[in-house]
Amino acid sequence: MLDLLRSADKRRQRALRQASHPVMQSYLSNPFPSEKVDWKSAPIISLDFETTGLNPRNHQLLSYGCIEISSGAIVFGSARQERIRSDAVIPESSAVIHGITDDAARAGRPIKEVLPELLARLSGKLLLVHYKPIELGFLDAVCRSLYGSPFLIPTIDTLELAQRVLKLRDYGVGPNQLRLFNLRDKYGLPRYSAHDSLYDAITTAELFLVLAAEISPKEELRLGQLLSR
Amino acid sequence: MEIELVEIRDFVSQHHPFDELSIDLLNELTGMLEARYLRRGDVFPPRDNKASYLYMVRSGAIELHDDRNQFMGRLGEGDLYTRQCQLTGSDYSSRHTALEDSLLYQLSCENLKALCARDQEFCHYFEANPGERMRLAATYAAANTDIDVSGMTIEIGELVKRAPIILDVGVSIRQTAQAMTEENVSSIMLARDGELAGILTDRDLRRRCVAAGVDFDRPVTDIMTSNLLTMRSDDLVLNALMTMTRSHINHIPVVDDGHVVGMLTASDLTRNSSANPAYMNTEIRRAASVDELKMILQRLPELQLLLANSGISARHIGETISSITDVLTTRLIELAQADLGPEPVPFVWVCGGSQARHEQSSHSDQDNAMIISDQASEQHMPYFAELAKRVCDGLDACGFIYCPGDAMAMNEQWRQTQSVWRGYFREWIEQPEPMALMLSCIFFDLRPVHGDFSLHKELQNMILELTEKNSVFIAHMVSNALKHRPPIGFFRTFVLIHDGEHDNTFDLKHRGIVPITDIARVLALAEGVGRVNTSERLKAIAGTRSMSPEMSENLLDALEFIASLRLRHQADQIRNGVDSDNFLPPDILSSLERKHLKDAFEVIKDAQEALGGRYKLS
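Protein sequences appear in the order of chains A and B. Just so you know, the first sequence maps onto residues 0 to 228 in numbering that gives the first Met the number 0. Just so you know, the second sequence maps onto residues 0 to 617 in numbering that gives the first Met the number 0.
Since the hints were derived computationally from the structure, they do not count as laboratory data. Here the structure is a predicted model, which means the values were calculated and not measured. Mixed in with the good hints, there may be bad ones.
DMTMM-like mimics (lysine to aspartate or glutamate), calculated; alpha carbons at most 25 Å apart, straight line [claimed, not checked]: (1) K39/A x D41/B; (2) K597/B x D47/B; (3) K388/B x E411/B; (4) K388/B x D338/B; (5) K217/A x D502/B; (6) K49/B x E218/A; (7) K185/A x E99/B; (8) K49/B x E213/A; (9) K468/B x E429/B; (10) K39/A x D100/B; (11) K49/B x E219/A; (12) K39/A x D47/B; (13) K217/A x D578/B; (14) K217/A x E120/B; (15) K508/B x E131/B; (16) K166/A x E291/B; (17) K111/A x D86/A; (18) K185/A x D100/B; (19) K185/A x E62/B; (20) K217/A x D41/B; (21) K49/B x D37/A.
The whole structure should be built from the sequences, with the hints applied where relevant.
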């Protein structure tokens with residue numbers, strides 16, 4: 000385990016040496032949180048994207064919402080949301096989910112402005128997402144295209160954690176059960192009427208508090224035990 | 000981009016005292032919030048929280064225990080835990096736990112303080128102790144009377160009988176005053192081209208003309224009121240009453256589609272409206288039969304409703320209803336005596352319970368007794384038996400139903416001579432027995448209604464002399480007084496009582512009002528105070544060794560608040576055509592009212608604990 004931990008930050012240092020763009024250098028200059036500490040003492044940021052589709056190579060980002068967790072508490076004052084400008088035609092199937100229309104997407108800020116701010120928020124923190132291929136995939140794709148570097152961050156995935164918890168309990172786990180809203184309902188968490196990136200990030204953060212408590216009700220829970228590999 | 004967490008903010012703002020914050024402060028507050036999660040069985044507040052916080056339950060439930068592990072209450076969705084941020088009281092040694100998996104919002108006391116500095120009203124809630132908050136609540140209750148009077152069908156038109164007196168606006172002040180004198184009216188209307196242009200009242204003449212030194216020959220337009228508030232003849236009397244009260248006016252022109260119908264004055268309302276208790280009392284005094292009385296008293300629930308709706312305090316409404324019962328009792332005695340003849344020896348009709356305490360409501364049962372002079376002999380007793388029967392039957396017919404405990408003058412046991420009554424009280428006081436005391440409780444609140452009041456006075460003097468020095472008796476009364484405990488609080492739609500038990504409704508009488516009247520009674524007896532009204536008793540014992548002025552005031556406010564909730568509850572029932580009762584379902588309470596009630600419970604509990612501590616039964 001210790002090897003793995005060391006290698007995560009080693010990989011960051013290697014990436015820092017290889018990064019050529021100042022935004023990327025700055026992002027990578029803060030050490031990753033140590034995996035040996037209790038999760039409550041690590042800075043965590045819950046992130047959710049809205050996109051025009053699921054494929055980072057063909058689809059575009061429409062917005063991000065994020066909120067931080069510090070000392071075991073979701074800090075509402077840290078909540079942020081940004082619309083990202085997109086010239087893509089938004090398929091009706093996704094517009095009905097997140098409510099972002101073509102016009103609204105045009106009104107967002109360009110990704111070139113938004114990404115440096117987002118990376119600054121993520122720097123030195125642990126990323127919390129529900130189903131990491133989307134957020135990590137899109138972050139990696141935009142970092143490669145804008146800065147010529149891959150994206151690296153230690154990540155907790157609530158979908159994986161939920162899978163662990165439910166398997167632990169010997170329940171059969173169907174894929175539908177692991178969707179964010181089904182898990183939210185299962186654990187009696189607040190139902191927000193807005194389905195946007197910010198409220199999804201908040202729900203993900205709330206779900207994480209529940210799952211962390213489920214995995215280890217009493218004793219400390221080290222980051223390493225939560226990280227997605 | 001500035002983020003407004005609308006859904007978090009809207010949840011918080013549904014709950015008192017956050018509902019008082021401006022939208023700007025609410026947005027700021029939302030930015031200061033943090034969310035925590037506790038699993039069922041976890042210690043609350045979260046053990047790893049270093050600072051002090053205010054907590055709000057977002058979902059789940061917290062169970063509260065004090066340091067002796069006594070059940071203190073439960074917090075459900077939207078409930079607040081403020082102890083850590085309050086200046087008074089501390090329970091860091093508490094043993095609270097999450098009863099269910101719970102999501103909590105927390106606000107650091109430091110941030111709370113910053114918010115408080117910017118909103119005085121909001122601040123009150125956290126700084127004040129329960130007693131001070133009760134005081135605020137009592138003011139609130141008075142201001143929060145609703146004015147929905149569907150079903151009230153008395154229209155203004157029925158009261159405005161006199162043809163309107165209208166002058167043209169071209170006249171002088173002097174001419175207007177002359178016309179008013181000739182017509183003998185206190186107000187007059189002025190029209191321009193046939194349309195109402197203004198009014199002038201006696202008060203206007205005094206204030207705007209004579210006192211201001213205005214020349215009487217100036218045009219009346221100089222001093223008339225032209226910014227007019229008018230009503231239609233089919234508007235309800237109660238609306239007119241509310242309008243006058245709110246706008247501090249005594250005259251309202253009644254105008255239907257531009258046609259002036261007349262002038263409605265404040266005295267029209269009070270003279271003729273059924274909302275006037277004095278009017279009902281006059282009718283009662285004039286009634287010639289029980290049937291007539293029955294008809295008149297049928298309006299009593301409606302009267303109570305009107306009084307409650309017009310923002311009159313619960314205490315005054317209790318006094319009003321009791322005074323009507325007094326007049327009714329007297330009238331029933333007079334009617335019976337018109338038939339039976341005058342009493343052969345002196346007697347006094349006394350009332351007990353809520354009527355005696357001036358705390359009656361329209362659906363109370365009757366408690367009464369008769370004290371007959373010692374001059375009476377066996378042969379006189381059938382007269383009093385018949386008299387008592389007629390009066391009690393009459394009260395029952397008029398809606399004051401027979402006392403379920405049989406504490407009525409029609410029961411021979413409570414229709415006795417002075418010496419028998421003296422014997423009763425001597426026994427109750429000198430050989431107190433819990434059961435007997437509970438039953439006789441009613442008779443420690445006695446008030447003479449009709450007859451020879453000196454018979455009651457003598458008995459009362461003896462009672463106070465015996466009770467004041469008798470600590471064993473007082474201790475027994477105390478243990479009786481402590482039998483009715485207030486609830487612990489509310490949890491979701493339940494009323495928590497003790498040990499986690501719950502009721503589905505809040506028994507306003509036995510868990511709210513009775514505990515306070517019991518405390519007031521026993522301490523009045525201990526201090527030799529002869530009053531029977533609970534408020535007067537509490538005021539009289541304030542500052543004695545039995546009760547601090549502060550506690551007395553707190554109890555007064557708690558009583559007024561609970562009594563006003565009871566009135567409102569009964570008003571709602573009357574309006575909905577349901578028989579009124581004392582059982583309040585908690586789900587109709589606003590979050591603010593729940594919190595005020597919790598404060599009232601706390602005030603009562605403190606007083607009961609103080610009482611129990613002082614008079615321990617060995």
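Any of the earlier hints contradicted here, and which numbers? 2, 5, 13, 14 and 16
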